[in-house]
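Here is what each chain is made of, one letter per residue.
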Amino acid sequence: MRIWILVACGMLVSPAMPAAAQVSVAGIRNLAFGSVIIGIPSTVAPSDAIRSGQYRFTAPAGARVRIDFDLPSQLNGPASARLPIKFGKTDAIVVGNAPGSVPTVLDPNPKANQKFDMGTNTAANIFLGGTVTPAGNQAPGSYVATIVLTVTIQ
Amino acid sequence: MRSATVLSAALAVGLSLGAGALQAQTSANINATATVLAALTVTGANDLQFGNVTPGVNKTVAIADAGAGRFDITKAASSGVALSFTLPANLTSGANTLPIGTWTGGWNTSATPAGATSFTPSASATNTTVTAGTAISVYVGATVSPAVAQAAGAYTGVVTMSAVYY
Amino acid sequence: MTRSLVALLLAALPAPLLAQGVLVAPHAIIIDHRTRSGSLSLYNPGTEPSEVTLSTFYGYPATDSTGEFVLRTVEAPDSSAPSAAGWIEAFPKRMVLAPKERQTVRLLARPPATLADGEYWARVVVSAKGGTVPVSGLADSSGVSVGLSLEVRTVLPLQYRKGRVSTGVQLNEVSATVEGDSLALRPHLTRIGNGAYLGTVRAVLRDSTGRTLTSLSSPLAVYYDMTPRLTAPLPVAGLPAGTYQVQIEAAAERQDIAPELILASPPVRTSLAVRLP
Chain E
1 MRIWILVACG
11 MLVSPAMPAA
21 AQVSVAGIRN
31 LAFGSVIIGI
41 PSTVAPSDAI
51 RSGQYRFTAP
61 AGARVRIDFD
71 LPSQLNGPAS
81 ARLPIKFGKT
91 DAIVVGNAPG
101 SVPTVLDPNP
111 KANQKFDMGT
121 NTAANIFLGG
131 TVTPAGNQAP
141 GSYVATIVLT
151 VTIQ
Chain X
1 MRSATVLSAA
11 LAVGLSLGAG
21 ALQAQTSANI
31 NATATVLAAL
41 TVTGANDLQF
51 GNVTPGVNKT
61 VAIADAGAGR
71 FDITKAASSG
81 VALSFTLPAN
91 LTSGANTLPI
101 GTWTGGWNTS
111 ATPAGATSFT
121 PSASATNTTV
131 TAGTAISVYV
141 GATVSPAVAQ
151 AAGAYTGVVT
161 MSAVYY
Chain A
1 MTRSLVALLL
11 AALPAPLLAQ
21 GVLVAPHAII
31 IDHRTRSGSL
41 SLYNPGTEPS
51 EVTLSTFYGY
61 PATDSTGEFV
71 LRTVEAPDSS
81 APSAAGWIEA
91 FPKRMVLAPK
101 ERQTVRLLAR
111 PPATLADGEY
121 WARVVVSAKG
131 GTVPVSGLAD
141 SSGVSVGLSL
151 EVRTVLPLQY
161 RKGRVSTGVQ
171 LNEVSATVEG
181 DSLALRPHLT
191 RIGNGAYLGT
201 VRAVLRDSTG
211 RTLTSLSSPL
221 AVYYDMTPRL
231 TAPLPVAGLP
241 AGTYQVQIEA
251 AAERQDIAPE
261 LILASPPVRT
271 SLAVRLP
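Residue numbers (our numbering), protein chains in the order written: chain E, 1 to 154; chain X, 1 to 166; chain A, 1 to 277.
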């Protein structure tokens, strides 16, 4: 009985976490290569205002967040066809929402261990580019793959 | 002592349970999308060269000769391309003309005329159809027939190959 | 003097100019009435600028009496012809592509207001030519200049689809003969529905045990009736005289065209016995 009373007391006294301590992420725009030609690599820069992928995340001001991408190595197409995709070390950019925020280049690849200090920002956009390389015998058609962004408060 | 340990643990459990719905990590998805287009490339690679020509003496360039004209096509492996030609009957130099004819043709999936499949291109745009391979070389030859009194000048013409995709 | 001058001038023709070409994608254009627009990507793979022009005309593939492919063109199609050539326009129509430059061409449609549901056809012509090279090093006071121009044309099918469009093909009257070292098939194909049939025809020759002796696969574009001549090589060692089975199938699928652009249609099959001497 005493144990359960102590558990309840612990729950009562544990500080309520402020709403701003939460982090949230939303996918805003797909990374859209559009029409690509067999045999010719096609690149979308993260700065491309229309075709680059975009996420938006929120985190408390002053927090440090870790940014992790789960990137595909290929897009899936018709009849099990695969379209190779690669991401370079400068294929991601993060821009905070505070006035005067300067874009920061990120390496989206795994194990890059990318961190971002929120500073006075309470939200930020991440823009993602990449390069697809259609083979000479690439099957025509539509290709798609999923890109996952995980934001972790450190 | 043991009771104190148990009681401390119970309090810690309560504290951790009371931390409630703190989100320190979250994820979201977007897609990477692309539409792959098949392509067709047609290139005029080598002019049809007759070199020195003597008036009154016909000269032929065969498709296997170094001076043969060559077009290169790159296409999807499973696609079909029909080849159509628009060929001059005469080369011209001002008001003067120099007859050209007896066109010969051959296509091959390797960049050599040896073993090429023969066809006859003509001024009336006859066709041959290529479905095999992705890289096709098309060779063209002809015969010029200068007259004995062929006027001096530089004679030119245009050879047009149409790759008709169907 | 005349002979030697002719020889001299022709010999002075410049070293061959690597003529120009252009990469065109896609190689089949499908435009939906809801957007009334399509696009082409042009790319100059060469090392010299290429002058490119675009035009349209009405034409469709057919076969001649020998089964060879021909492109039937109609300069002035009448109102009964499903021609889109008169109301499809390319922007830009003319350009100079620098080496390795890519250009997107928009194809905009202005169909008649009373256009009925169905599919309408045109051929888009992409012409590319390089520059003219003047002769050099010829000490001639006549001022004659010599140029060579080479032109390549890529002719692509364009299909404009409005409303309900369907297609299919009937496979009738297949003939099979041995021509030298090849098996030649002449299937008579009749298009049904109001859209062109884009697909693939496949055929297999089997012996009495079901063993495959030869096969063929060929892209198909059936706009009207056609009887293409399709060939497959026979085994080099030859085949004993006897009766064999040919199975032939037309399927609405193409490896070189995105599946979502192909009008769906169930496959059609037939088989026939062929006697080899």
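Quick caveat, the hints were computed from the structure, so don't treat them as lab data.
Some clues are possibly wrong.
Unchecked claim - Computed Cβ-Cβ distance ranges for the label pairs, DEER-style: (1) S142/E / T47/A: 27 to 35 Å; (2) T190/A / A149/X: 25 to 33 Å; (3) S37/A / G62/E: 45 to 53 Å; (4) N29/X / P60/E: 22 to 30 Å; (5) S79/A / A111/X: 16 to 24 Å; (6) S47/E / A135/X: 30 to 38 Å; (7) S166/A / I28/E: 35 to 43 Å.
As the list claims (entries may be wrong) - DSBU-like cross-link-like pairs, simulated, lysine-lysine; straight-line CA separation at most 35 Å: (8) K86/E / K111/E; (9) K111/E / K89/E; (10) K115/E / K86/E; (11) K86/E / K100/A; (12) K89/E / K162/A; (13) K162/A / K93/A.
Note that beta-carbon positions come from the ideal geometry of N, C-alpha and C, so glycine has one too.
For which of the previously enumerated hints does the structure constitute a violation, in increasing order of number? 2, 5, 12
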